[in-house]
Amino acid sequence: MPRPRGCHECRSKRIKCDKVVPACGRCTNSGKICPGYEPSSELVFRDMSQYAEKKVKGRVGSRVYADSEASNTTTSPSSDSWMSVPTSEYHALTIGSRNGITPPPSTNFRDTAIPRLFFDYKTSSKALPLGNYSVLEDIANSSDSTPCLQQAMQAVALQHLANQVKDNSLEIEAAKYYSNAVSLMIEILGNPVEARKDSTLATSVFFGLYNLIHGYEMPDGFWVHFHFKGRLSLLRLRGDEQLQSRTGQMLWAITYIVHVMKCISSNIRPPDEAEKWLELVDGEVLSRQSVLSTINLKTARLCAEAQDLFDMKDQDELWLIGLLNIIKAGIELDRQYQTWSETPEDYWLYQVVRSSYPNNPARPHHHIYYDTTVGFIWNNFRSVRIHLHEILLHCCTLIEAQPSGQPMLSAFEETRRESSIVIQDMITDICASIPFCLGLIDRGGRATTERPQSIEGYRCMYPLYLAMVSAKEGGEIQTWIRDKLEWISAAMGIRLAMILARRPKRDPWNIR
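The sequence shown begins at 1301 in my numbering and counts up one residue at a time.
Result set (DSSO-like, lysine-lysine): computed pairs, CA atoms no more than 30 Å apart in a straight line:
(1) K1598 to K1529
(2) K1466 to K1422
(3) K1613 to K1598
(4) K1426 to K1598
(5) K1332 to K1313
(6) K1497 to K1426
(7) K1319 to K1332
(8) K1576 to K1529
(9) K1332 to K1466
(10) K1529 to K1476
(11) K1598 to K1772
(12) K1476 to K1422
(13) K1476 to K1497
(14) K1576 to K1598
(15) K1628 to K1613
It is worth saying that the hints were derived from the structure and are not from the lab.
Nothing here was measured: the structure is a model prediction, and the numbers come from that model.
Using the sequences plus the hints, can you model the full thing?
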């Protein structure tokens, strides 16, 4: 048997190989995988990624430096702050592609964290021009960006990546960035001028996203309580001026939508300024969403009033009248929701199609929307209706438990029946929409193989959680929903979904 020639690695570098089998000493000592001693006639592939990265970084870096030198000779600063930073900081601060320059490829896993984050959480839709997380990327790339914002963004990006690739070292690094960002935020809040900036509110949004992705254990309910009051304080501090720019409106919309849903689900009174903010936002921008936002705000106030009555110890005649008024107002609000749902137009319409998607309790019908953002708004509508009718059911239960409420039992029987039907219908509709909203089926109802964005899982969690809590214990629907929440956690890196899936069913009002 002829003695083998040197391994392909040593031969490619024109160095002497000791020809040890199965791996040569030079490759072993340098920590590389020895390619072996196959005949030279076979095709050999070499890993040139590091070499290519070095070359591309050098070319792009020199171009960035030339542009920054040119911008420094002008009288007005460039709006793209990243172009004036040193070349060594380019890759860390630049997000996405700006002015036609594509960020260089990287073999560093951490360098992919921020682009991956915005790939997973950026959306655009005609139905909801505001409320788009792309505004966070724009602020991070603007002259308004701050070290605090950069640290918070890095924390979210690394935690998101850590969850997806199951890397504990990335999670530890993310926690350090988060801690640093919180410390910097405390300093910023001491300066009213800095606290009013878009970058400060954007940082607070990143804080909330970090808590959700990280999966901090929460009190009862769904919405993360961390930084909730802080964001509300920032909205109030920013005042009406925050709605004078497009960026300000988009930041406000992101914060406002989550805030109102939090108020509804937790029966917390929304801020008094909320109606005024809705009036100041461009009605053409919000369009049909503004109508639903107005009804949701009324519902949030009604839920808070109902909770005040539920907590009262003196259950006298005035208390009973208050519950009756809640039922009356709730029925009227539900009529407004029905009117909104019965008059869709343009891209708000959705189709009910037959689909072969397996194991769906809503089978064989599924809902197909103009895009997943429209589906998200429809599912929020259904979630709020479920919660509203749970409030009505609990009011009926409390009234029926009072001696003076016995004569009204027959009157409330219809309310009970209607509320139970609405809740079941909304659960079915949520299940029918989830495959499309999660990107599991296309517009034709066929199963897809594309990797869905994490933002879709984030949007589906609350409707799924509320449907799971409201569904029959141990039934097919509840089991299916738990499976979907676990899938969101595993496939999209959102730990909160797993916490919700494994949380014991809670029914504080004993209405089921």
